[in-house]
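S.K.: Bring the two chains, given one by one in their own frames, into a single complex with the hints.
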Amino acid sequence: MKASKLLMATALTAATFGMAGSASAATDSLTLCWAAWDPANALVELSKDFEAESGTEMSFEFVPWPNFADRMLNELNSNGTLCDLLIGDSQWIGGAAENGNYVKLNDFFDAEGISMDDFIPATVTGYAEWPKGSPNYWALPAYADVVGWTYRKDWFERPELMAEFKGKYGYDLGVPESLEQLKDIAEFFQGREIDGKTVYGAAIYTERGSEGITMGVTNALYNYGFEYGNPENPYAELDGYVNSAGAVAGLEYYKDLYDNGTPPGSSNWYMGENIDAYKSGQVALQMNFAFIWPGVNADPNVGGDRTGYFANPPGPAGQFAQLGGQGISIVANTDNMEGALAYIKWFAQGDVQAKWTEMGGASAMRSVVEAPGFADAQPYNQAFLDSMAIVKDFWAEPSYASLLLPMQSRIHNYVIAGQGTAQEALDGLVEDWVEGFEDEGLR
Amino acid sequence: MSGNPIDRIATATPAVMAKRVRGLSDRAIAWLFVGPSIVLLLAVNIFPLIWTINLSFTNFRANRLRDAEYIGLRNYERILTDTDTWQSMQATANFLFWTIFFQVLIGFALAYLINKKFKGNDLWTTIIVLPMMLSPAVVGNFWTFLYQPQIGLFNYVVEFFTGIDSSSFSMIGDVSLAPWSIVIVDTWMWTPFVMLICLAGLRSIPDSIYEAAECDRASKWRQFWTLTVPMVLPFLMLAVLFRGIENFKMFDLVVQLTGGGPGSITTLTSIDLKREAFEKWRTGYASAYAVILFVTVFGLASIYVKALNKVKER
Numbered sequence: 045m046k047a048s049k050l051l052m053a054t055a056l057t058a059a060t061f062g063m064a065g066s067a068s069a070a071t072d073s074l075t076l077c078w079a080a081w082d083p084a085n086a087l088v089e090l091s092k093d094f095e096a097e098s099g100t101e102m103s104f105e106f107v108p109w110p111n112f113a114d115r116m117l118n119e120l121n122s123n124g125t126l127c128d129l130l131i132g133d134s135q136w137i138g139g140a141a142e143n144g145n146y147v148k149l150n151d152f153f154d155a156e157g158i159s160m161d162d163f164i165p166a167t168v169t170g171y172a173e174w175p176k177g178s179p180n181y182w183a184l185p186a187y188a189d190v191v192g193w194t195y196r197k198d199w200f201e202r203p204e205l206m207a208e209f210k211g212k213y214g215y216d217l218g219v220p221e222s223l224e225q226l227k228d229i230a231e232f233f234q235g236r237e238i239d240g241k242t243v244y245g246a247a248i249y250t251e252r253g254s255e256g257i258t259m260g261v262t263n264a265l266y267n268y269g270f271e272y273g274n275p276e277n278p279y280a281e282l283d284g285y286v287n288s289a290g291a292v293a294g295l296e297y298y299k300d301l302y303d304n305g306t307p308p309g310s311s312n313w314y315m316g317e318n319i320d321a322y323k324s325g326q327v328a329l330q331m332n333f334a335f336i337w338p339g340v341n342a343d344p345n346v347g348g349d350r351t352g353y354f355a356n357p358p359g360p361a362g363q364f365a366q367l368g369g370q371g372i373s374i375v376a377n378t379d380n381m382e383g384a385l386a387y388i389k390w391f392a393q394g395d396v397q398a399k400w401t402e403m404g405g406a407s408a409m410r411s412v413v414e415a416p417g418f419a420d421a422q423p424y425n426q427a428f429l430d431s432m433a434i435v436k437d438f439w440a441e442p443s444y445a446s447l448l449l450p451m452q453s454r455i456h457n458y459v460i461a462g463q464g465t466a467q468e469a470l471d472g473l474v475e476d477w478v479e480g481f482e483d484e485g486l487r
Numbered sequence: 084m085s086g087n088p089i090d091r092i093a094t095a096t097p098a099v100m101a102k103r104v105r106g107l108s109d110r111a112i113a114w115l116f117v118g119p120s121i122v123l124l125l126a127v128n129i130f131p132l133i134w135t136i137n138l139s140f141t142n143f144r145a146n147r148l149r150d151a152e153y154i155g156l157r158n159y160e161r162i163l164t165d166t167d168t169w170q171s172m173q174a175t176a177n178f179l180f181w182t183i184f185f186q187v188l189i190g191f192a193l194a195y196l197i198n199k200k201f202k203g204n205d206l207w208t209t210i211i212v213l214p215m216m217l218s219p220a221v222v223g224n225f226w227t228f229l230y231q232p233q234i235g236l237f238n239y240v241v242e243f244f245t246g247i248d249s250s251s252f253s254m255i256g257d258v259s260l261a262p263w264s265i266v267i268v269d270t271w272m273w274t275p276f277v278m279l280i281c282l283a284g285l286r287s288i289p290d291s292i293y294e295a296a297e298c299d300r301a302s303k304w305r306q307f308w309t310l311t312v313p314m315v316l317p318f319l320m321l322a323v324l325f326r327g328i329e330n331f332k333m334f335d336l337v338v339q340l341t342g343g344g345p346g347s348i349t350t351l352t353s354i355d356l357k358r359e360a361f362e363k364w365r366t367g368y369a370s371a372y373a374v375i376l377f378v379t380v381f382g383l384a385s386i387y388v389k390a391l392n393k394v395k396e397r
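Protein chains in written order, with the working numbering: chain B, 45 to 487; chain E, 84 to 397.
Check the hints yourself; a few may be wrong.
[To be verified] Straight line, CA to CA, 25 angstroms or less: simulated DMTMM-like cross-link-like pairs of lysine to aspartate or glutamate: (1) E:K357 / B:E142; (2) B:K299 / E:D167; (3) B:K241 / E:D248; (4) E:K357 / B:E475; (5) E:K357 / B:D476; (6) E:K357 / B:E119.
[Unchecked claim] If you anchor each label on the Cβ, the simulated ranges turn out as follows: (7) E:R161 / B:N304: 32 to 40 angstroms; (8) E:I247 / B:E475: 37 to 45 angstroms; (9) B:E95 / E:T208: 54 to 62 angstroms; (10) B:E479 / E:E396: 45 to 53 angstroms.
These are calculated hints, taken from the structure and not from any lab test.
Backbone N, C-alpha and C fix where the C-beta goes; we use that ideal spot for every residue, glycine too.
Next up, chain E with everything else stripped away, as it sits in the complex (with noise of 0.2 angstroms):
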């Protein structure tokens, strides 16, 4: 027996098995190994994306006996000049644009804050990322109660800030303060998420690059611009690609604040996706609906995508 430690495992695997795995080219191998991903991958994502464009072409509804008839591009048609549709569409892209614009702005502020050496750092760390540990639906649930003008803590900081009335305003009953409603509770939520994301971009500058700063007399505010921000571009950017992806298929919190109003003021497209395939189950049309979403989400999100590695390779 050789006393090379390969040829002695090789020599205790069955004369049979050895040859048959000695057999397998490389590729084979690494077929092996991948096949039941992708396998899986075809049955939870790719089928029922193909299925979901087959049945937007149709008038089925899930909950009917009769069969689906092919009816072309009428439900796209529908819903691309339903108003409805636009206006939740609408209501989306400002709750995106508000959420995102808030959360890096405060997230980033956190994160530089507490990435600055101070006594009780990862205690502050800790309590400001809890709102982000606690589940959407109770989130939601208890800023109803927070927003109630009569009880509410929120109308009472808002009256002893300003004077005005607690009772004389509600945040989700009113047509021009309900979105912000939302946007305030998502924010206060998921804020501390970015704050992290931004953490880990401002940890990961060497205090060395600073330094050099230093010694050739950079102030603190050319710091920042010139290196802090650059360097953690790419970390923000990343935050706001999650969080854009989040945001857009946002569904329980809003649903628990306001269920979509007043009226559809906070209607966001995926409550509204959600009514028409399971409460009124047009599943063609819902299918459609959602086609048209996902290629809009898969388009912006692979520009982004394309934007943020040129980002990174600066």
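Just chain B, same shape as in the assembly (with noise of 0.2 angstroms):
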């Protein structure tokens, strides 16, 4: 173990300060793995830069999103070989870097000049930075996103429904400002008939096989209250902060919103569901991942003026929305060190970060992102912005699946199942997460 840990630092030493500032001396292979979705294209097709400036030839493993973790962590696991680099899901940080599944990037940064500060501090911590809030670095933030919700303009600006409405609850039909508002609209929404066609209110995350209830209840809990834990000390008190009295508002409120805001039969949706909710003209709201905004606004049924963008709104204890995205990191097996850092250095240039985000990508660099004009670029970019600058995220520790499943197992049984109350799920929470970091020797 330690020849080959020194064997890696050799090499990561020698490939960064052999490199003499160019790509050109890669001239073999090197293979991207990331999950099989739009942006996935869109990087193929930057990626034709790449090899054309140092005759690597670029191979990709895309995985479905519901197989992702399963074939990348094992993949990982085993040590294999597969992939030189892995746009890898935010909550494998910890693992990957404590297993040394990943290489830790700091020195090439500063080799290189590639500055953190020079991308959206959210998305340095949630992508790239293990222990969280430490300067250890092992991604380079690739692709910036967030939950948010898409919702139908068109129906929102008919003055009968608007007129209905305001009568009913003495307010405008609009963006919503608070989840209670969100709330109220997808309840007025919710069996209409429109255009001949029976509606309903919103399309949520509910899906209990992978992560998709937790990535959508999470919008709810934040927002009333709920933290991981004391932040002084997050492992030793859950009690208290997970659990809180606003904790279980949120969770209630997201019960509510299920069971008279959405379609019947959406006991098990994530994001490809809401999409086919939302574009088929089912549903008024939806909550999703911003990256499927620029589909949405190409739809020919409900892209352009006939949809609008808004961020998570803001509930009793705040406004945060949940954290998505990935960072680009080095998988520490790849036999190809020289290439797999020559591939980083080009993707974190400006103008490479920029044409990423022109051809679909979500770039986390400030100096796209914040450019002038950006925000008005695409109808969708403010609520991007906007969705940024209030992000949290789940555990990112070695031990995150054990987190997580029991999360999704506690809310879906509350929130779909409707088995037993609020409290008594979170309480569950509480007990299910001290064993997890019991086991970890974190308490």
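M.R.: Here you go:
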């Protein structure tokens, strides 16, 4: 193990100082692994520039989202050699860093003048740092993403609906200013006839098998006062934070929204199902990660002026949104360290990041998202910026799966299956997490 | 040279080899043939089993660099006192019971009908067995669409026959309906398998037995209960054994259909085990879980096979 670490360090140092500032030295191949989705296709196109510059042949391994974590974590855990570069989920960073699956990039960043100050702070914390809040970088922020909302602007602007809504709720139908208003709107549209078709309120995340309902419910929990633990000592003090009165109210809110404002049968919905429901005109509101917004905007049925975008509305305890997105890391087992570092260096350039966003990616580089005109360049850009300013993320500990799965189970049991109370669900979650941290020796 | 063919072959074998083969006892030759299979069995089945039992007493995690520590029976204690585990055991038991019940009932009835000679018999047999030729993952996927309250065919059929509004219930989203949703799909898919086994049983009964019964003026009802059922019973029990073992490890179909939800209502033991082993990466804990399931299935299957043999001896 020591020998392999020494070799890796030597290779990293040699590669860092031996590239002579050019990617042209690398002439072999690289495999980049990511999820199979639209941004990945954009990255294939973008990477052609790297191939032309460096002579490195790029190949890609894209795995559909439902299998992405299983496939890639198995690859890392088995010390596989499939991937040289991996755009992995933000929650994997702790495990991948501590298990030696990712290469630490601090020395490389320093040598190449790549500064994390150039990226949106939340994405650096979320995608690159481990331990969180420490300047130890294991990835370069690659794809900025966050949960936000789309709504049927064309329906919201219908005079008869506006009048009816105002009469019923006493305020104008529009972008909700709070989660409570969002629920009012969802209930208002639930079961309504529009253009001869029955429509429903909101498509929200309810998926059971992977991470869906957790990625959804946190948007309510955060805003009602849920904390992952005492910020001063998160592993030791969970009780009273995870299951605080605010957290319970947030969970009850989400159940209420599910019960009264979502399409029938939406008990196991995640990104794909929500997109389908929205694009087919079933729902007035859609919760989803921002990566879908370019596709919605271009959609012939609901795109253009028919859709509006907004950040997750505030609740009684503030305004937060669930962070998505990923950083790009170098897999420690790569046999082409030099080429992998060259790719990261190339990808970190301002002009490449700008082109990345133009082509359908979502750069986390501040020079791109803070550029004059960015907010107005697309109808969803302002909502994206608003959302990225309020992000919070789930645990990224090495044992994140042991923390995620009980949350999936507890929340789904309460919200979808209607078993027990919100208080019981969160109390149970505290017990599960305490057990998880004890197993890890963190308590 | 002798005219005996065996002598001629022996003579044709080189002297050194002939001597070596002749020097092996029958037992040695038997070991020579069986040996590779035993080595393979040890490597693929027995060693992993022993290794799993060993891991079940540790807190080993396959995705961690740190060494495993022996923790005695703690994993077993935690599993057996975990309400979630018992819930998944209960869900599995319910799933097993109802799928086997319906599959045996419908499968036997179909086999009885198909066994009658009628025009298009072969065509109907082919049509009936089609579902079991599909991939469980594909079946799970398209049944999620059939179960959709707004666009699903299943809900519309229910509405057509009962008048219940199709969008008023969700087969895979409702706690009380979700367990039945997986039972229905598994029954739809695997009843043909039971039917085929029963059909083999029915066709193995010689016509002469029924002719003798006719001569004795036995009614069709009596023939069914005293001839058909007892003679098909060993086949039926075999079908129950196969389906029981298959459904005890049911995974793909249910994951595609419900993901184990709503809540944990349809989380079968195989799904629970997979999550512990390959999502939480609690390898030691999952090993103990696997050992418990192995002992359960092995014990039940042993009792069942003994019963099956007794039925066959009758």
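S.K.: Each hint needs a verdict: does it hold in this structure or not?
M.R.: Verification of the supplied hints:
Of the supplied pair hints, the one linking K357 (chain E) and E142 (chain B) holds, its CA atoms being roughly 23 angstroms apart against a limit of 25 angstroms. Of the pairs offered as hints, the one joining K299 (chain B) and D167 (chain E) holds, with about 22 angstroms between alpha carbons and a cut-off of 25 angstroms not exceeded. Proposed proximity of K241 (chain B) and D248 (chain E) is supported: the alpha carbons are some 16 angstroms apart, at most 25 angstroms. Distance check on the hinted pair: K357 (chain E) and E475 (chain B) sit about 22 angstroms apart at the alpha-carbon level, within 25 angstroms; holds.
Restraint check for K357 (chain E) and D476 (chain B): the C-alpha separation of about 18 angstroms stays at or below 25 angstroms, so the hint holds. For the hint pairing K357 (chain E) with E119 (chain B), the CA-to-CA distance comes to about 17 angstroms; that is within 25 angstroms, so the pair holds. Distance hint for R161 (chain E) and N304 (chain B): a CB-CB separation of about 39 angstroms, consistent with the stated range 32 to 40 angstroms. The hint said 37 to 45 angstroms for the Cβ distance between I247 (chain E) and E475 (chain B), and at roughly 40 angstroms that hint holds.
Our hint of 54 to 62 angstroms for E95 (chain B) and T208 (chain E) holds, since their Cβ atoms are close to 56 angstroms apart. The given range of 45 to 53 angstroms is respected by E479 (chain B) and E396 (chain E), whose C-beta atoms sit roughly 51 angstroms from each other.
The structure meets every hint from the earlier list without exception.
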